[in-house]
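Below are the chains, spelled out letter by letter.
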Amino acid sequence: MITLSKYFSSLIDTTGRRLLKVLGLYGAATADNCAPFGDDSCPVKGMDAIYSTTGSDELPIVIGYINFNQVAAAGEKRLFSLKRVDNEDGSVTYVESFYTWHKNDGTYELGGNVDNSVRYSPLNSALVSQKNDINNELTKIQAALSSLGGTYARAPIAIDISDAKIEEIKTL
Amino acid sequence: MKVKVNGVYFLYFNEVVISSTLDTVASTFSILARWDPDVPGHNELFTPLSYASVVFYSDEDKLIATMTAVRWTVKATAEPGLWQISGYSKPGVLDDCQIPYNMYPLESNKKSLKQITERLLAPFGLKLVVYAIVEKECNQIIEKTVAKPEETIKNYICSIANQKNVVVSHDIYGNLIMFRPDVKSKPKLKLTPENTITMELDVDGTDIHSHITTLRQQSRGDNPDEAFGNININVKSFDDFDQDRGQTFKVSSTDTVRNPLVKVFRPTVDKLTRLSFYDTNRAALNMRGVELKNIRIDFTLNRWEPISIGDIIEVTNPLLNINNTVKMVLESTTINESGESKTMSGALVLLETFTGDEPQNIFG
Chain A
1 MITLSKYFSS
11 LIDTTGRRLL
21 KVLGLYGAAT
31 ADNCAPFGDD
41 SCPVKGMDAI
51 YSTTGSDELP
61 IVIGYINFNQ
71 VAAAGEKRLF
81 SLKRVDNEDG
91 SVTYVESFYT
101 WHKNDGTYEL
111 GGNVDNSVRY
121 SPLNSALVSQ
131 KNDINNELTK
141 IQAALSSLGG
151 TYARAPIAID
161 ISDAKIEEIK
171 TL
Chain B
1001 MKVKVNGVYF
1011 LYFNEVVISS
1021 TLDTVASTFS
1031 ILARWDPDVP
1041 GHNELFTPLS
1051 YASVVFYSDE
1061 DKLIATMTAV
1071 RWTVKATAEP
1081 GLWQISGYSK
1091 PGVLDDCQIP
1101 YNMYPLESNK
1111 KSLKQITERL
1121 LAPFGLKLVV
1131 YAIVEKECNQ
1141 IIEKTVAKPE
1151 ETIKNYICSI
1161 ANQKNVVVSH
1171 DIYGNLIMFR
1181 PDVKSKPKLK
1191 LTPENTITME
1201 LDVDGTDIHS
1211 HITTLRQQSR
1221 GDNPDEAFGN
1231 ININVKSFDD
1241 FDQDRGQTFK
1251 VSSTDTVRNP
1261 LVKVFRPTVD
1271 KLTRLSFYDT
1281 NRAALNMRGV
1291 ELKNIRIDFT
1301 LNRWEPISIG
1311 DIIEVTNPLL
1321 NINNTVKMVL
1331 ESTTINESGE
1341 SKTMSGALVL
1351 LETFTGDEPQ
1361 NIFG
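Residue numbers (the working numbering), protein chains in the order written: chain A, 1 to 172; chain B, 1001 to 1364.
Note that these hints are calculated values from the structure, not bench results.
Treat the hints with care, as some may be off.
Under 8 Å between C-beta atoms, here's a sample of chain B residues computed to sit facing chain A [to be verified]:
1. P1100
2. Y1104
3. P1105
4. L1106
5. E1107
6. K1110
7. K1144
8. T1145
9. V1146
10. R1216
11. Q1217
12. T1273
We put the CB at the ideal spot given by N, CA and C, even for glycine.
Here chain B stands alone, though its shape is the one from the complex:
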């Protein structure tokens, strides 16, 4: 691997780890190196708070990631120690900063997700790339959105994008991207016990529910008579309302979706506060998708494969009770290079995590 710091090759380092996750605005890196002030480029990288630009290339000069250094750690010992310098992709700053005050108001009227995002990226010199698969959603005009002053720029953008089933991530050039994994695309790799060092199934049932309900307060435009649903509005006393306990009134908008993978009763309810136009059913489907991230397969390879987050990967492993070949989405990767070896690890999740479709059983 080759590393450039502020445009100058940085030649001497011990170990590099780069981790990427599908629905985060930044990959992270960590590099171990010894500081030598006489070597060009060292002062730029080893000066805390320099926020130096760190670009990673493969041995074949192929761009891997465009990062910014944000953390410096070293211990002062008798023997000069190694510095650990870590950082994240250029859009990572969006997860550290709130909307600057000179860009207020926080309210946006009749703007698209693309317009809102591009405006917020401009002061940071970041660019937005919208993939064709979500172009329609990103260009839809949103009647009104309001950011919270204390929330990060990333959280604000993601909260709108998530509700439109758009994934916000980043590319190797340091751009923010909006896309959705193309689950119909051709698999990039097939993982089997034979071509992996390890494959680990990790299913956390505590955060997976059978009935997922979302609700939000009524829109002020709702028909007043519809709000009462089937209840008898000609009540003579407040006690009469007891007869209607347990009913779902239309005073709020609610939707419930099932997760057919969960055969026992495990309900959850979430309140929506964002986007008054937002469809509660869509939100419930997205919530189910998020919960499906708790079904994952972690793998380790003794090589780097030309795969990246969002790719479709085929898996078969009878030891994990996956006897048939199933397609999964590559949710995260970590590549590691040290003097001795190159390794790659990753995590796979169900396709339905990002489509909102009803999840299919992969076991058996």
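With the rest of the complex left out, here is chain A:
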């Protein structure tokens, strides 16, 4: 049978599985955390957990949670982390710490929407172009100084930001 319960705490066993303690219809119970493949997440105390029995009475699982902070529009996907804050007046609030949001307008927000992320290749091209422009100007300055009898040992400016390129993370 599936019942609602309140998530209380968790621990990770020796095999790396997350074991939950929940308070449910039948009192305190322990259950395995069930999540989509590859998902490693830990709820905050007090969340509503969906507790379910399995083919072994001793092996119940929590198959999901009733989440707060639901703001995504149709077709969108948002991931977020929460921090539980116990206030001095005894109340509890859950503060969103960080989020990533796949929006249906084709944008992706990483923690906010005030500023923008930067593409490596155009940035690199722009910087190389600027370097070339500066070097060209330096060549002109050197020629002008020579025509006036002065000397200027031009040292070409080089720029290489390839080390700043994150090969493992791609974008459009």
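With chain A's structure known, arrange chain B on it following the hints.
Positioned in the frame of chain A, the structure of chain B alone reads:
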């Protein structure tokens, strides 16, 4: 027989029947009597829902059973009728009640069968007596058990006990007991056609199987690679799985035991849901034992014998095709006393019913 109701002798009754069964938490009784409100003790016993304590003694003042009245039946007729009052041993309440809500949670972690049982008995004022023969099993720590809210306390306790091959029953003092019949003990009685009124063989083959399989879902700790057994996991399409139909995969734990008494093919499969640590082989052996209860010998005596459930009884009766003396376990008894006579009846089952051992043929 003498009867005490709430500590006071109850003197006038017509007939008493007391029945006991080995693996039940309560014996039952039935008493026929006439209600006389002027007689001390009558109001206590004849008041419905009084749940009066009813204690039975032999004529020699030996305790026979400690019971509770739970049912009252009488017909209102022109002539005052007899009341039939019946009930069961004190632990019988465990078969009527679920775990009280104030004793939740239903989950027990790292507790023994003895600890779990004593905790559940406490609100009812019942005591647990663990016999030495099963002390080890009753004190083993169980990693985790979960009771179902709708199941009775008796069912929960018995479901754990059965899987440890421990029999849950009761004694004459009204205690819950955990034990196992000692099949090596000395026989208490030998039954023959000469010393019985009747002896009846009753074998019900419909509930007896040749192959008994138990299965349960895999433990979450199992090695993932072991789950695939011998099948080819490099399949290219789902159709490839057809080649492996009929195989027993290790996705679940299974065990099959044979009953050599059944010579034809009669398989049965049962799914286990209790105790993830539980050995499926042990469960299959227990299932075979339970099925063996369908081979029984009922007998009737014109006297009371000093025998009780769980005792070893010897039987020989060529009319039942039992030509050699065989040992059996006394599974149930009924003693009856009326104005005219005292009789005793009982049922015997194979020793292997309670040991899980391979059953031996007693016929021939």
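Verification of the hints:
{"no.": "1", "hint": "P1100", "result": "violated, 12 Å"}
{"no.": "2", "hint": "Y1104", "result": "holds, 4 Å"}
{"no.": "3", "hint": "P1105", "result": "holds, 3 Å"}
{"no.": "4", "hint": "L1106", "result": "holds, 4 Å"}
{"no.": "5", "hint": "E1107", "result": "holds, 5 Å"}
{"no.": "6", "hint": "K1110", "result": "violated, 11 Å"}
{"no.": "7", "hint": "K1144", "result": "holds, 5 Å"}
{"no.": "8", "hint": "T1145", "result": "holds, 6 Å"}
{"no.": "9", "hint": "V1146", "result": "holds, 5 Å"}
{"no.": "10", "hint": "R1216", "result": "holds, 6 Å"}
{"no.": "11", "hint": "Q1217", "result": "holds, 4 Å"}
{"no.": "12", "hint": "T1273", "result": "holds, 5 Å"}
When the structure is compared with the earlier hints, violations turn up for hints 1 and 6 and for no others.
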